[in-house]
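The lines below spell out each chain.
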Amino acid sequence: MKGARIAWFAGSIAVGALIVVLWQFAADAKLVSPVFLPGPDRAWTALVRGFASGTLEPKLLGTIERMFYGWLLASLVGVALGALIGISAVARAYLAPMLEFLRPLPASAIIPVAIALLGLSEGMVLAVIAFGALWPMLLATIHGFAAVEPRLYEVSRALGLSRWSVIWKIALPSALPDILAGMRLGLTIALILAVVGEMLASRDGLGLWILLSARSFRAPDLFAGVILLGLVGFVSAMILTLIEHRLLRWRATR
Amino acid sequence: MIRSGKWRGLVVPVALVVIAEIAARSTEITSDTLAAPSAIIVAGIKAMGDGTILAATGQTLATALGGLGLGLGIGLVFGILLGIFPIADRLMEFSVEAFRPIPSVALLPIAMLVFGFGYRMEISIVAFGTMWPILILTRSAVAGIEPRLLEVSRVLGLGLFARVTKIVLPAALPRIFVAFRLAAGVALIVAVTVEIAANPLGLGYAIMSAQQSLDPALMFALLVWIGLIGWGLNMLLVWAQSRLFGRAAIVEAAQ
Amino acid sequence: MTAVEIRSRAPVSAPSTTPLIAFERVDLVLGGRKILEGIDLTIGQGEFVCVVGPSGCGKTTMLRLIAGLFQPTAGRVSYQGKPIARPRQDIAIVFQDYGKALLPWRTVSGNVALALEAMGVPKSQHGDRISGLLAKVGLAKHADKYPNQLSGGMQQRLQIARCLAQEPAVLLMDEPFGALDAMTRQGLQDEVLDIVAQTGATVFFVTHDLEEAIYLGDRVIGLLPNPGRVAESFPVDLARPRDQLATREEHEFLRLRRVLFDFIKAAEA
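Chains as they are written, first to last, in the numbering used here: chain P, 384 to 637; chain H, 595 to 849; chain E, 2 to 270.
Treat the hints with care, since some could be wrong.
Stretch by stretch, here's where chain P covers chain H in the computed footprint (C-beta under 8 Å, at least three residues) [as the list claims (entries may be wrong)]:
hint, region
1, 700-712
2, 740-749
3, 778-789
Some chain E residues flagged as far from chain P (calculated, every beta-carbon gap over 10 Å) [said to hold, decoys possible]:
hint, residue
4, L31
5, G69
6, N149
7, G188
8, Q199
9, R230
10, P242
No wet-lab data here; the hints were simulated from the structure.
Owing to the predicted nature of the structure, the values given are computational and were not obtained by experimental measurement.
Cβ coordinates follow ideal geometry from the N, Cα and C atoms, glycine included.
Working from the sequences, and respecting the hints, build out all of it.
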């Protein structure tokens with residue numbers, strides 16, 4: 384049945400192409416003012432021009448780097464801390480309520496505090512990204528470690544596994560699906576905060592690029608930047624999905 | 595008494611606040627960036643009293659709810675359609691996966707271009723941000739309906755509209771409500787983020803102004819307030835969920 | 002006091018002289034409730050002891066005491082004369098909920114390897130040992146599959162293989178076949194008998210199934226509930242090796258079946 388799947392996917396790409404054609408039509412017929420909605424042809428031209436002139440590449444890389452480093456830092460801290468808290472029922476009892484309370488807090492609300500402490504700097508943006516991405520990962524990791532099947536703990540006692548072995552061989556693999564889900568959410572947040580951070584702190588990146596393009600009414604450049612941001616989101620999510628499939632091979636549906 | 599039961603969750607936060615208070619009082623430095631918990635509480639009460647916090651809260655909630663409503667409408671309609679018609683779902687797969695990853699804040703400059711500053715710009719971004727989780731989750735809720743029920747609707751010869759309103763919606767409603775809860779959180783987050791980034795209204799703008807006017811007590815008070823709003827909104831919806839759907843829905847939906 | 006109250010005291014001790022496992026006046030109180038009271042029991046080397054009784058009689062609890070997962074509130078549980086303070090590597094446990102006792106992210110080989118890793122067996126020896134164990138339980142062809150690709154019976158066999166990797170002197174089996182269908186259950190019963198005959202392990206087997214208890218055991222211990230007490234010990238005088246058809250038709254088998262059935266009925270009253 385693999386052939387059928389590929390056929391359907393090709394069909395959906397065709398539908399996507401159809402949407403682009405409609406977009407072109409709407410732009411050409413000036414259904415919406417070209418100031419707001421440039422045609423895909425102009426957006427594409429702006430994209431190509433941006434890379435050819437060497438403008439877009441450093442901005443793209445800047446955003447990706449920020450997002451990645453912030454996310455990486457948040458992952459390391461989040462998983463390590465989450466493991467320590469998640470494994471200990473005592474730690475959970477003391478800390479989980481407070482952490483759960485902080486869950487719905489918009490990560491961007493920390494930006495003014497970060498600005499107050501670190502000014503409008505690169506470090507501020509990185510700190511905000513790391514802080515914002517930390518919470519979903521911390522909470523998901525705690526949940527993953529807390530939800531380890533108790534029977535497996537008994538099995539490890541019966542087998543005489545060392546404490547370290549229990550964490551590494553039993554708790555961590557068991558918590559991995561949750562950890563990866565948290566990482567995925569953290570990545571989404573990291574991208575958003577990277578964009579906002581760039582806008583506010585005027586750091587060189589796609590976020591700033593699209594803001595400036597909007598202010599100077601350069602709609603094609605603006606759309607080119609938005610498309611790139613969508614691509615960054617898409618590719619990074621896909622990489623994470625591939626890693627997830629590799630690590631969680633055993634979850635094949637019966 | 596402290597050692598057992600639900601009070602343990604309060605020990606650490608209370609201890610942190612006490613430590614912060616002691617630290618603030620013992621160092622006599624006046625700071626532009628930090629404030630003592632007591633000062634924060636005072637600033638919060640003052641801002642509450644003169645109506646500024648409430649006005650800002652109203653603005654943020656108005657845009658969040660407005661955007662949520664719009665996103666709910668679009669997401670529900672498309673989610674149900676894609677859930678009911680697998681052919682449509684498969685054909686739209688590429689387009690959905692292409693548009694989904696666009697971060698909602700990336701649309702901020704576009705919205706700014708079209709609407710300028712103000713409510714409409716923020717509502718449109720919130721709508722975009724909430725539309726996707728609702729669409730995705732509604733789609734899987736509808737696709738996951740007990741097939742037996744759909745067979746019943748075929749046997750009874752129900753038209754599309756009747757099928758949706760009498761069978762699909764009620765059956766998928768618990769999971770759709772969970773999606774709604776999630777989207778409400780997203781709505782608040784996106785609204786505050788837009789306000790912090792650019793839009794001069796609401797709580798996000800208020801907290802940025804507090805920082806810029808070097809009023810850390812007010813800034814932290816607003817931070818705590820935003821946290822409370824988020825928490826309160828979530829609690830409200832969890833309560834509503836348990837009233838409407840009972841405990842079973844909460845357990846199942848906690849995944 | 003029910004009619005079946007402690008009828009015979011003598012046969013609760015093991016036939017051989019030095020008991021391998023001994024319960025001496027063991028009480029266990031959990032969460033304010035007395036689960037076990039005054040348990041006196043000895044199990045000899047190589048014995049296959051089955052434990053039956055109505056729900057709540059504490060048979061699983063006794064198993065967990067031998068396993069070292071619980072500690073007695075009074076009295077002592079000893080192995081080779083010494084109290085069991087914690088789980089031992091040479092006492093292996095086969096749980097009823099095999100799905101939860103296996104690591105879903107490791108293959109069949111990987112799951113068996115866990116026991117070897119715990120014992121500190123060098124990696125170079127893993128391959129041979131694992132293939133030997135899998136061959137013993139008939140899973141040799143499934144070495145690279147994941148537990149969720151196996152049937153219930155196969156998963157339970159995997160758990161048994163992992164336990165055998167510990168080279169156990171004692172096998173503790175907690176209603177291991179309860180979740181399986183009758184045919185699989187019978188196949189596994191015979192496999193266990195084979196393994197025990199080969200390794201000479203001592204077995205403590207908890208079950209609800211009276212016929213299973215008679216079929217497998219050298220002795221069947223009957224417990225009374227609330228609190229759990231040892232009521233009686235029924236020696237099983239049937240020839241080995243046992244046969245699913247022939248043994249179950251023997252006069253002694255049917256007699257014991259009737260006796261045990263009456264015991265349970267009276268105990269539940």
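Verification of the supplied hints:
For the region 700-712 of chain H, the proposed coverage by chain P is satisfied: 8 residues have a C-beta within less than 8 Å of a C-beta in that chain, meeting the threshold of three. Look at the region 740-749 of chain H against chain P: 0 of its residues bring a Cβ nearer than 8 Å to a Cβ of that chain, fewer than three, so the hint is violated. As drawn, the region 778-789 of chain H meets chain P at 5 residues by the rule of a beta-carbon pair under 8 Å; at three or more, the given contact holds. The Cβ of E:L31 lies farther than 10 Å from every Cβ of chain P, with a closest approach of about 16 Å, so its non-interface assignment holds.
Under the 10 Å C-beta cut-off, the non-interface status given to E:G69 relative to chain P is violated; the minimum distance is some 8 Å. For E:N149, the condition that its CB be more than 10 Å from all CB atoms of chain P is violated, with the nearest at approximately 6 Å. For E:G188, the non-interface assignment is confirmed: its Cβ lies about 22 Å from the closest Cβ of chain P, beyond the 10 Å cut-off. Consistency note on E:Q199: stated as away from chain P, and its beta-carbon is indeed over 10 Å from all of that chain's, at 22 Å minimum.
Distance check for E:R230 against chain P: the nearest CB is about 26 Å away, which clears 10 Å, and the non-interface claim stands. Residue-level check passed: E:P242 sits 29 Å from the nearest beta carbon of chain P, beyond 10 Å.
Checked against the numbered hints given earlier, the structure breaks hints 2, 5, 6 and satisfies all the rest.
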